Amino acid sequence: MKGVKHKILVLSGKGGVGKSTFSAQLAHGLAADDTKQVALLDIDICGPSIPKMMGLEGEQVHQSGSGWSPVYVEENLGVMSVGFLLSSPDDAVIWRGPKKNGLIKQFLRDVDWGEVDYLIVDTPPGTSDEHLSIMQYLGATHIDGAVIITTPQEVALQDVRKEINFCHKVKLPVIGVVENMSGFICPKCKNESEIFPPTTGGAEMMCKNLNVSFLGKVPLDPQIGKSCDNGQSFLSEVPESPATSSYKNIIQRIQDYCGLHQSQEK
Amino acid sequence: MAEESVAVLPPHDCPGTSSAQAGKAAACQGCPNQRLCASAGAAGPDPALEEIQAKMKGVKHKILVLSGKGGVGKSTFSAQLAHGLAADDTKQVALLDIDICGPSIPKMMGLEGEQVHQSGSGWSPVYVEENLGVMSVGFLLSSPDDAVIWRGPKKNGLIKQFLRDVDWGEVDYLIVDTPPGTSDEHLSIMQYLGATHIDGAVIITTPQEVALQDVRKEINFCHKVKLPVIGVVENMSGFICPKCKNESEIFPPTTGGAEMMCKNLNVSFLGKVPLDPQIGKSCDNGQSFLSEVPESPATSSYKNIIQRIQDYCGLHQSQEK
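For the protein sequence lines, the chains are A and B, in the order given. Note that the working numbering gives residue 161 to position 161 of the first sequence, counting from 1, and the numbers run on in steps of one. Note that the working numbering gives residue 88 to position 88 of the second sequence, counting from 1, and the numbers run on in steps of one.
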């Protein structure tokens with residue numbers, strides 16, 4: 001990890017809030033600067049979404065003397081996921097914790113990332129083996145922090161508070177919280193609907209109460225789901241969407257945070 | 001002994017019931033399970049399996065609610081299924097939440113802050129209605145914000161306790177709500193309940209391919225562990241603008257959605273449930289969406305699906321009697 005300047009974990013207590021979607025856009029956003037080398041590591045062993053979202057389905061991992069080669073989307077954007085190790089995308093990876101931990105260790109030890117400016121780690125929902133292991137293996141290196149994803153409703157926030165609680169317990173700084181699916185604008189009449197009503201004030205209120213940074217809201221845009229299914233960068237495909245400007249603002253804030261907190265590994 | 005006490009989580013440093021240190025670690029002192037853990041060696045079958053089988057004799061139908069994907073509405077569906085089945089007050093319904101890291105069921109059922117009482121006959125479920133009992137790790141936490149940061153073996157131990165120690169009584173339907181994935185919790189529930197009759201799994205998805213990809217893995221899991229698939233429910237299947245009634249596909253079914261997937265995989269498609277913001281509101285407020293918003297198209301969708309599940313269970317009678 002000595003060659004990795006910044007490490008960002010993307011977490012959520014809750015499933016289906018847009019961690020992988022956000023990780024993919026964050027990777028594309030950071031790699032838009034072609035002087036930066038970006039690495040995206042997917043440690044969701046049971047439900048690895050990153051290969052599809054990055055348009056890399058069917059790709060394989062090649063091994064050489066220097067280790068496992070990441071799969072490159074662009075020259076400056078490399079990806080690793082268990083998805084690349086499956087014979088078929090429908091194959092279930094039915095592993096208990098210890099086996100998952102072993103693969104995560106291999107990803108960190110054997111993948112030849114080279115010199116990297118940003119390593120983004122996409123995680124499954126929860127506070128279990130994968131999360132403990134990534135902290136166990138990376139804990140001695142400098143991790144800039146965690147970006148926590150949520151949706152506005154209290155059922156989601158409840159799980160996200162647990163995740164923030166986890167970060168405090170393992171001394172992982174919280175860069176901030178992103179509220180996804182923050183409202184939907186009807187393409188016909190432009191009326192805004194709150195599909196997941198923020199009955200307790202949404203992420204903004206939660207962040208105030210817990211004294212963590214609120215990074216921003218991203219509205220629902222059906223083109224996000226479409227881009228992900230088609231393995232394209234939503235930021236590039238739909239630059240005019242309000243969701244794109246939201247993502248870009250949030251990505252900028254994350255870059256600023258990393259800039260302020262330089263890695264001590266050099 | 002009629003003495004009651006409140007059930008709490010295993011000791012902080014519990015090594016896990018399947019660990020080599022089970023019952024022997026310093027943290028095991030004083031734990032009610034210490035003797036059991038210490039006596040269970042590497043040799044011999046887990047005595048809990050027989051105890052669970054005995055406990056499950058009073059349960060007519062068991063339904064697992066699964067999804068490879070997170071956030072598609074498993075717990076939301078489990079809650080509505082429980083309310084829907086319990087609407088018939090001649091039926092006894094039990095809802096078991098085995099999502100240890102993100103237990104949503106207590107909030108959704110309006111049971112936040114409730115505790116689990118223990119007696120000689122075991123742990124008491126928390127009752128929403130006389131005929132609807134619930135169990136979740138959520139009831140064992142000091143605070144709803146407490147993170148349960150456990151590795152697999154410890155989670156497995158709690159799931160075993162839920163099945164062995166909860167005094168459900170005679171039950172018509174046991175619904176098991178699960179976390180996303182195909183890992184410890186899923187393997188454990190199959191390991192512990194596998195010798196009893198499980199009617200099948202209801203699999204929840206949303207329409208987009210990224211979700212379906214994970215759901216195919218879940219169906220693959222079901223085949224591998226010989227768990228029948230009752231069918232697939234497609235949630236978040238479209239949103240009708242309350243102002244102009246235009247329908248939008250928020251999660252576009254770029255590959256034909258769940259219906260196409262079910263055709264391809266030869267599994268039953270149980271139905272679609274549209275997005276209704278009042279679903280989220282009811283869940284946050286711990287109310288039954290079916291009762292609160294009976295006129296919603298989502299309510300009729302849920303009710304049709306619940307009826308199909310009941311019909312399936314009726315056709316495939318439990319052999320445990």
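Everything labelled a hint here was simulated from the structure, so no lab data went into it. It cannot be assumed that every hint is accurate.
Pair by pair, the computed Cβ-Cβ distance ranges are [unchecked claim]: (1) E259(B) with H62(A): 36 to 44 angstroms; (2) D91(A) with G194(B): 16 to 24 angstroms; (3) C189(A) with K303(B): 24 to 32 angstroms; (4) K303(B) with P173(A): 53 to 61 angstroms; (5) S236(A) with P144(B): 26 to 34 angstroms; (6) Q307(B) with S88(A): 47 to 55 angstroms; (7) Y72(A) with S268(B): 35 to 43 angstroms; (8) E51(B) with Q136(A): 30 to 38 angstroms.
Computed from a predicted structure; not experimentally measured. Think of the CB as a built atom: it goes at the ideal place given N, C-alpha and C, for glycine as much as any other residue.
How the hints compare with the structure:
1. E259(B) with H62(A): 36 to 44 angstroms: For H62(A) against E259(B), whose Cβ atoms are near 38 angstroms apart, the range 36 to 44 angstroms holds.
2. D91(A) with G194(B): 16 to 24 angstroms: holds (22 angstroms)
3. C189(A) with K303(B): 24 to 32 angstroms: holds (30 angstroms)
4. K303(B) with P173(A): 53 to 61 angstroms: Check failed, 47 angstroms falls outside 53 to 61 angstroms.
5. S236(A) with P144(B): 26 to 34 angstroms: Since S236(A) and P144(B) have Cβ atoms about 40 angstroms apart, the given range 26 to 34 angstroms is violated.
6. Q307(B) with S88(A): 47 to 55 angstroms: violated (35 angstroms)
7. Y72(A) with S268(B): 35 to 43 angstroms: This hint holds: roughly 41 angstroms between Cβ atoms.
8. E51(B) with Q136(A): 30 to 38 angstroms: 35 angstroms Cβ-Cβ, so the 30 to 38 angstroms window holds.
The structure shown violates the earlier hints numbered 4, 5 and 6.
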